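The whole structure should be built from the sequences, with the hints applied where relevant.
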Amino acid sequence: MTDATATDVSRHDRQGRRATLSRHVLPYAMLSPAVLVTLAIVFFPMVQTAWMSLHDYVLFRPNDFDWVGLENFRTALSDEVFWISLRNTIIWMGTTIPAQLLLGLVTALLLNQEFPWRPVARALIIIPWALPSVVIALMWVWIYDSNYGVANEFLLRMGLIQQSIPWLADPDYALASIILTLTWQGFPFFAVMILAGLQAIPRSYYEAASIDGASAWRQFWHITLPGIAGVMMTAVLLRLIWVANSFDVIFVMTGGGPGYATHTLPLYAFIKARTNLDFGYGSAIAVLFTMLLMVVVVFYLRRTGKAVS
Amino acid sequence: MKLNRITALASVLALTAGAASAESTVRFWYHFDNADNPMNDLVAAFEEQNPDITVEAENIPWNSYYDQLYTAVIGGNAPDAAMVKMFAQPRLVEMGALQPIDDWLVEWDGADGLQDNLLELTAGPDGSQYYLPVQYVVLYLYYRPSMFEELGLEVPTTCDEFREVANALTRDTDGDGQTDTYGFGFRGAQGGHDHWASFTLGAEGVSLTDGLTSEAGVAGTQFVADLFQEDGVFPPSAPNDGFQEIIGAFKAGKTAMTIHHIGSANGMVEALGEDVNAAPVPECNGGRWTAFGDESTAVMANAEDPEAAWKWISFLSSEGNNTMFNEATGQLPVVKADSDGWSLHPQRFVQATVDSLPFAEMLPSSNATADFVNTVWPTQMQRVLTGDIEAAEMNEAIAEIFAE
Chain A
15 MTDATATDVS RHDRQGRRAT LSRHVLPYAM LSPAVLVTLA IVFFPMVQTA
65 WMSLHDYVLF RPNDFDWVGL ENFRTALSDE VFWISLRNTI IWMGTTIPAQ
115 LLLGLVTALL LNQEFPWRPV ARALIIIPWA LPSVVIALMW VWIYDSNYGV
165 ANEFLLRMGL IQQSIPWLAD PDYALASIIL TLTWQGFPFF AVMILAGLQA
215 IPRSYYEAAS IDGASAWRQF WHITLPGIAG VMMTAVLLRL IWVANSFDVI
265 FVMTGGGPGY ATHTLPLYAF IKARTNLDFG YGSAIAVLFT MLLMVVVVFY
315 LRRTGKAVS
Chain B
1327 MKLNRITALA SVLALTAGAA SAESTVRFWY HFDNADNPMN DLVAAFEEQN
1377 PDITVEAENI PWNSYYDQLY TAVIGGNAPD AAMVKMFAQP RLVEMGALQP
1427 IDDWLVEWDG ADGLQDNLLE LTAGPDGSQY YLPVQYVVLY LYYRPSMFEE
1477 LGLEVPTTCD EFREVANALT RDTDGDGQTD TYGFGFRGAQ GGHDHWASFT
1527 LGAEGVSLTD GLTSEAGVAG TQFVADLFQE DGVFPPSAPN DGFQEIIGAF
1577 KAGKTAMTIH HIGSANGMVE ALGEDVNAAP VPECNGGRWT AFGDESTAVM
1627 ANAEDPEAAW KWISFLSSEG NNTMFNEATG QLPVVKADSD GWSLHPQRFV
1677 QATVDSLPFA EMLPSSNATA DFVNTVWPTQ MQRVLTGDIE AAEMNEAIAE
1727 IFAE
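Each protein sequence line maps, in turn, to chains A and B.
The opening residue of the first sequence carries number 15 in this note's numbering; numbering runs sequentially from there.
The opening residue of the second sequence carries number 1327 in this note's numbering; numbering runs sequentially from there.
Read the hints as simulated data drawn from the structure, not as lab findings.
Given the structure is predicted, the values throughout are model-derived calculations rather than measurements.
Glycine included, each C-beta is placed from N, C-alpha and C at the ideal position.
Mixed in with the good hints, there may be bad ones.
As the list claims (entries may be wrong) - Computed list of chain A residues with no C-beta within reach of chain B, every gap over 10 Å:
no.	residue
1	Ala33
2	Leu35
3	Arg75
4	Ala144
5	Pro216
6	Asn259
7	Ser260
To be verified - No farther apart than 20 Å at their CA atoms in a straight line, the calculated lysine to any residue pairs in the SDA-like style are these:
no.	chain 1	residue 1	chain 2	residue 2
8	B	Lys1577	A	Asn161
9	B	Lys1580	A	Leu170
10	B	Lys1580	A	Val164
11	B	Lys1580	B	Gln1570
12	B	Lys1411	A	Arg288
13	B	Lys1411	B	Gly1450
14	B	Lys1580	A	Val155
15	B	Lys1662	B	Gln1673
16	B	Lys1411	B	Glu1446
17	B	Lys1580	B	Asp1557
The structure is reproduced here in structure tokens:
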């Protein structure tokens, strides 16, 4: 081996090592800013919340930060309002998300058909989703208003009710009224996601099924539904997390009232922490809710993992 | 040479420091319902008099005013001065968020010009003065004279008369089977404690801190519940109704009476002309109670230039400026000279305010008051109105937070 050849080999080695090193290091270097930001703005507050939940921390006594262990959690579990809020949260999530899914599915199937002005209809359907939550909440407060609201006016004129109903002031209707508002707000998300899924199903499947004599229902059941199952599951999971964490619409529409009729756990945690300034107890409620949500999410991920495989 | 250079550098630093202290900025938080408020004019007038001070006045929405203030105090980002109410004082003092103003008050010419007794009323829980009054109101009963005349009714002076009148005024005026007018617009949402208190706290020996769970105390809450559940004299939306709803319904003729202060008077006259009048709240269970609505300003403990912040708040409570301030809020000036020539409200509303002053009271100076106002009262009242709990349970819940 000549000196020139030896030098070439060692240069190649160095280049190869450098390339290997950069392949190992570069992804971490590129990812680290995002990871650091996430750690700072997501994980640090989460740890801080968990830490505060173990203390008696009332904001207007900022110098008192006494360790109380699990006392806040014990208080929460014996707190009537916690259980009312949990019940409302289950009803709220258990009805809002399926209702949004169903309405979104029907809308997506309709929007997937050929009809004039279809692009306009597809654009219009996104409006509820695009509007800010506060605007939606204020708009629906007026719709439900017992004196001037169009909901009562419409139902009275149709003869479906004899007296105006105070939709948001009656505990029997308040939560259902908010669920209807949230369903209206959230169904476009499902519609758009499912529509994207529908467009990914090859038309040849339907043609083949038609030749074999499959009815529309069987085509839906055996081609459409399996084709959009993955999209639907992802959308449901995302919505589950979003709906669980959102309380803005409820806060603006009723503030959790009348009484505790529309209190949900995120709202209760917010009121305790922000209005009553009891950050220790508010954090404990938030931590309990996060744990409950984690159970649902893990269970759901396992189910969807199995279903997809 | 070196010494010269150091001297020159020191001079530059001194000049810079001098310039910095001469150019102060006062961050001021306030809450006005009135969208076309004249705060800009007040700021301009102040800055003309004090060219070395810049005022950054920020209108914070009322619904979240105290949430934001407390959070800003804890976060170390509180304003230099702020509008504040008495119920918040114990909490703010406990947080160490306020700067005492006693020394400035001694030297201030305007102190003698304030309405009698206002500084005593707003004294801090530890004896120091933190608050400088800037406006006040007293709550009274608004009513629609035309509706009373049509039915030959007199303005109620007792709770029994009130109930009778409210029942008569609740009626279907066009015969379609729907109630068109309700006797009273009750505020069941946050801020409605003043309505409830007028029916409850007038009784002998009943206050928020004492006797609330007695028979007389519970009878007051039960009276409110009966008006809604049995008599139906409040609109069905009453449990959720806030300020906008009760004032809107009164102006629209949906309710014949409601309770509020002079701050709403001009808006009501604009909507109803002469067909709106005012009277003191009725006597209930042998006594009368109405709310003294206070508003002060304070220098915050973290103020960068407390002297400049004091100059600004004392400017707002000075003759002439206090009139401008109250033009925006529609409330009453705290400066005697400004009150004497007061012509911004029709006389009948000023008279109702003056007539109500002898029995007007403030909420207790207690840490529990903020929770009572913000969460405990609205939640418990709504539960009583919707039949979820009994009147006695509500009074017990309120008594409990004041006992802690």
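Evaluation of the provided hints:
1. Ala33: Nearest chain B Cβ is 49 Å from A:Ala33, so the label holds.
2. Leu35: 44 Å, holds
3. Arg75: 6 Å, violated
4. Ala144: At about 24 Å from chain B, A:Ala144 clears the 10 Å cut-off, so the statement holds.
5. Pro216: 52 Å, holds
6. Asn259: 19 Å, holds
7. Ser260: 18 Å, holds
8. B:Lys1577 <-> A:Asn161: Since the Cα atoms of B:Lys1577 and A:Asn161 sit roughly 13 Å apart, the hinted pair holds (cutoff 20 Å).
9. B:Lys1580 <-> A:Leu170: 18 Å, holds
10. B:Lys1580 <-> A:Val164: The given pair, whose Cα atoms are some 17 Å apart, holds under the 20 Å limit.
11. B:Lys1580 <-> B:Gln1570: Answer holds: B:Lys1580 to B:Gln1570 is near 13 Å, not above 20 Å.
12. B:Lys1411 <-> A:Arg288: Holds, at about 18 Å.
13. B:Lys1411 <-> B:Gly1450: 12 Å, holds
14. B:Lys1580 <-> A:Val155: OK: B:Lys1580 and A:Val155 at ~18 Å, within 20 Å.
15. B:Lys1662 <-> B:Gln1673: The hint holds at about 17 Å.
16. B:Lys1411 <-> B:Glu1446: 15 Å, holds
17. B:Lys1580 <-> B:Asp1557: This hinted pair holds, its Cα atoms lying about 16 Å apart.
Violated hint for the displayed structure: number 3, the only one.
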